[in-house]
Structures are given as C-alpha cells and as structure tokens.
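Those protein sequences? They're chains U and X, same order as listed. Sequential numbering from 6 applies to the first sequence in the numbering used here. Sequential numbering from 488 applies to the second sequence in the numbering used here.
Hints are computed from structural coordinates only; laboratory data are not their basis. Among the hints, erroneous ones may be present.
[What the hints assert, rightly or not] Calculated pairs, SDA-like style, for lysine to any residue (alpha carbon to alpha carbon, straight line, at most 25 Å): (1) K234(U) with K613(X); (2) K234(U) with E573(X); (3) K236(U) with Y530(X); (4) K188(U) with E224(U).
Read off the chains here:
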Amino acid sequence: MSSNKVLVIGGGPAGLEAARSAAELGGEVILLEKRERLGGTPDRESYAKLTHHWRDASEAMAELATAATNNPNVEVKYQTEVKGMSGRAGNFTVDIEAGGAAESLNVGSIIIATGFQHFDPGRATQYYNYYTFPDVITLTDLEKMLKEHNVVRPSNGEAPKKIAFIQCVGSRDRQIGNEYCSKVCCGIASKQAIELRQQLPDSKVMIFYIDMRMYGYWENEIYWPAQEKYKVNYIKGVISEVLPKGNQLLIRGEDTTMSRPMEVTMDMVVLSVGMEPSAGTRAIAQTLGIQQNKYGFIEAGGDGGLDPVATSVPGVFVAGAAAGPADLDDSISRAGLAAARAVASVRKVMA
Amino acid sequence: MPTTQENWNPGKAENRHPEVTYEEKERLFLEVKNDLRYEEFLYGCYECGICVSACPSARFYDFSPRVIAQAMAREDVERVYDILTEDIWNCAQCFSCVRCPRQNNPGGLVTILREVSIKNGLQESKDALQGYSRVIYKVMLKGNQVSPDMLQPDFFPDWGPWVKNFSENMHVWRKAIPMDSIRGLTDVAWRTDRKTLLELYTIWFESGNMDIIKELDEGLYDLLVEVMEEELEEG
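This is chain U alone, in the form it adopts within the complex (with noise of 0.2 Å):
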C-alpha cells in the first residue's frame, strides 16, 4: 500500500527543519527522535552561542523545534530508534522501537538526519595528551564553560590567562583517516577566541593552524574581528605535542611564518576537534542498507552529484551532518532541499 507519509530520522537542527519544511509542503510527517528531546548536537553538547550570527544556543534550538512541533502535520515520537526497513519508494515498512514497545510504520519517502559526533581526541595521532592533563580541553568542552561563563582551568579553577587553540584535531589526517576538512572549527574556534577574549579580557589567546577556513561571511563576522578587535593571534604551525611544565603546559611546534621552532607554556589548551559520524549515522545506514562513503558518512550526491540530498536508495534522502561536515546553514539548507525532494517523491508515486 503506497503512503504520503515522510518520515523523518533525528530531531536536530536538520531533521527540525526537514520535519518542518515537508509539513509546509504538505506532507505528513512522522519525526523519530532517540533522546527525549529535540534539538540534536547543539542542545546536548550544551552550545553557547551559534556561528554566524551569534545567536543563542539554546534559543535557537527551541525556535526550530517548536516550528515542527507547532505544525499539525508532523508527528513527534520520542526515545524512539529504527530497527529495520523493507519495501521501495513510495511503499516503505519501517520498524521501529518506541519507548520500548515495537511498531511497524508505513511511509512513502525516509529523510536521515543523524547528524555527526565530535572528533575523540584520544585518538589523535599528535601527542595532546587529553586524557592526561586536565587543561587540554576540547571545543565542547570550552563551549560548556562559555555559557556558563565561567571559563577556568580544570586543574585549579583559576581563570586562565594564555590559551592557545590547536586546528584540526582529528580531520585532514590521513594517519587517523579522516582526509576530509571538517569544515566548521576554524570559525567556531575563532568565535570561541572572541567570547574568551570577551568574558577574560586579560587573556591571550592564540590559534595554530593549518590553513583559516572561514568561509563567506565567516570572515568579515568572525575572522577579522577576532583578529583585529579582539586582538586574537592566528600563528600558522600545527602544535606536535602538549607536555606539563610547572603547572603550566608547554606546546611545542613551528612557527612556519617566522621560520623558527616555538616553545611556548599556556595555561590551558583548547583541542579543535573536527566532525565524525555519529554512531547513529553509522548505525542507520547499516540498518536501511544505504551507502557509506569510506568515512562512514553518508553517501549523497545522486548519479551526477548535482543532488546533495540523494542516497543509494530512492526515496530516502539524507539532510545535515550526516552527509558530511556541516555548519548550521549548511545543515538547515540541505533539509530544505531533502524535505522538497521527499514530499515530490511521495507525490510521484501517488499520482
């Protein structure tokens, strides 16, 4: 029995937008959230504010998941994760498990929106030391400490006063295997620099990097005024390892520009993690049978790579993270795009 329903897989910024936007469409939607509540990475991780327009988190999250909630079309089922799927566009069975119980849906087209996980920076290959010196902290552990403002070093709780931020932890490394640019931790560590610089106006604070990827108008929001109002120092050298000195930490690198090895101590250092798949992602592939690219994304692009919400399988369609790394625009754009394609796919079959 062919169905008009879209289902939607993950209640983050992309599937709330997808959820969304198919509703408006005038699909129905079913949206499948495994936590008990809406707003994906960013509720959970606890994201202070958002590139690029400096929103609240948390806020922002909200006004996303009251759109799809707010919209009689969409369907919200908590605590719910997906167990199988048969059948073909337009006619697809979709078991799930909701709160425990079993339930078999029937939807005409399937959005995945499962989003990514922070890179784990005990997998590094350079010797940062994470999980040995307490001030080696990530960008999300940082963002935790900046909506809360209170920005200390977690061996003493004192405020610290130099910082230094190391670039692509865990992407662009063939060693760990993740080749690919993730996309985001130029801007949200330079945004990060800025709220530091904000909330610890006597700190120092130093990025090392690889290349600035700040894309747009990532540069004029946040790169130039990181650098220029808030007297940020963007130092181009990758750091090779973090040892303890005093009750400081010592970073050790290149300083490329000035051609000459640098020694410095900080009091905490912040590791830029990059994006993963999270195991939700892996997980639903596995399970829908769609194809992975050999990062474990999924794969999208459709035959000619003109369509970035397509997957191996017709009818369902992949929005966010989950395709790959992905801001906040990305992720809501490309849901848009899903939500179009999937409610368009159902009609087809339908007529």
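Once you've looked at the hints, dock chain X against the given chain U.
Chain X in isolation, oriented as in the chain U frame:
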C-alpha cells in the same frame, strides 16, 4: 653565558640583544604601538606575503615587511627590538607594500619604528644615518635634496672619471642651462623661494623634526638652528 640544557630556550632563539633589558625593549615596543598612526597601519595579517612580493628591498636584503607586521601584531617584544635595531634601515620607504588586502601599511610601521629608534637615540639609527648628514643638511636648509656640488669623485667613485670632470667644471656646465631657476646654481639643484624656505623651517620646528635631528646629530642640529633662527627672525 654558554648555552646549556637548562637555559636553552628555542622560543627565545632570536634574542640577540641580551645586554638590553626586556623592560627597555618593551618600553620601545609600547612607544611604537601607542603611536597615533599605529591602529591605521596594522589591522590583522593573513601572512599572504603580498607585501614581500612587492617589496624591492626584500629582493636584496634579509628584509620582510610581513615579518615586521606579524612581530608587531604578536607583540613579540624581542623580535621587534631586533627589527628596531636592524631591519628598518633596509626599507626604502617606497610603500609598495600598501597593496595589502587587509589595508595594513608595513612601510608606515617602519616609519614609526624609525622615528622611535631615532628619538630614543639608538646607536644603530645613528650609524645607519651617519652617511646622510649632508643630505639632511641640504634638505632642511635649502629645501632640496641633492645638489650639483655633492657630485664629488670621492663620494661617487663608482661613477667613473666623468664625475671628476664634472666637479672641476661644475660652474661652466651649470651656466649653460637655459632655465632661470637652475642656471648657474651649484649648491642647490634649483632656486627655492625664500617664503617657501621660511615656511619649511617653521614646519621642521613645529613638527618635531628638529628634535629628532638633535637626538641624531647634535653638531648638525646646532649648525641648522643657527641659520634657521637667524633667517626666521629676519623673515
């Protein structure tokens, strides 16, 4: 002090002036940074190197406008002191570097650095400018930079025998020039209007240039002041 495992610090490998205290280097650095022009001369640096690619001096000397901009931006006090005592005198002040996409002006930074170097009487600035006393004298007193009588064989041996011939017969050559403002003059390249000269003298005093000269070369300063003040009083 010999380098040992204890005092070896590659972060400070550029510290080539251990005889000057860090506090003194920092004071000079802050004098540069607090200059009114500084904010408009240095925004942020991409490290793109367009200033270096456009810089004539960079082709001939160990000189990089990019390094100067970055050392300032990073507040690298030690490195800035090195630059202050050495690099700045390799700049031709041609300002080819101002094509910077961030609108930085490394040449302008060099201008500030030079002024700070001279005002503070750094020996390196005296050494660098020693050969220019005659030019300074000429510019400040006569209003033009090079005059025919400066073309002497001992100063321009690389010009060959022609200079000797010219210097011996300078008056004859100059008399042959058919322009009133130049004809017959040897101690200036062209005649400067007296009103213009008095205005120039006033500018030198008011702009602080005379103070700079005093710090650089007191003998030259006395010589200039004597003439200038007399002229200004008469004028």
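How the hints compare with the structure:
no. : hint                 : verdict
1   : K234(U) with K613(X) : 36 Å, violated
2   : K234(U) with E573(X) : 30 Å, violated
3   : K236(U) with Y530(X) : 9 Å, holds
4   : K188(U) with E224(U) : 13 Å, holds
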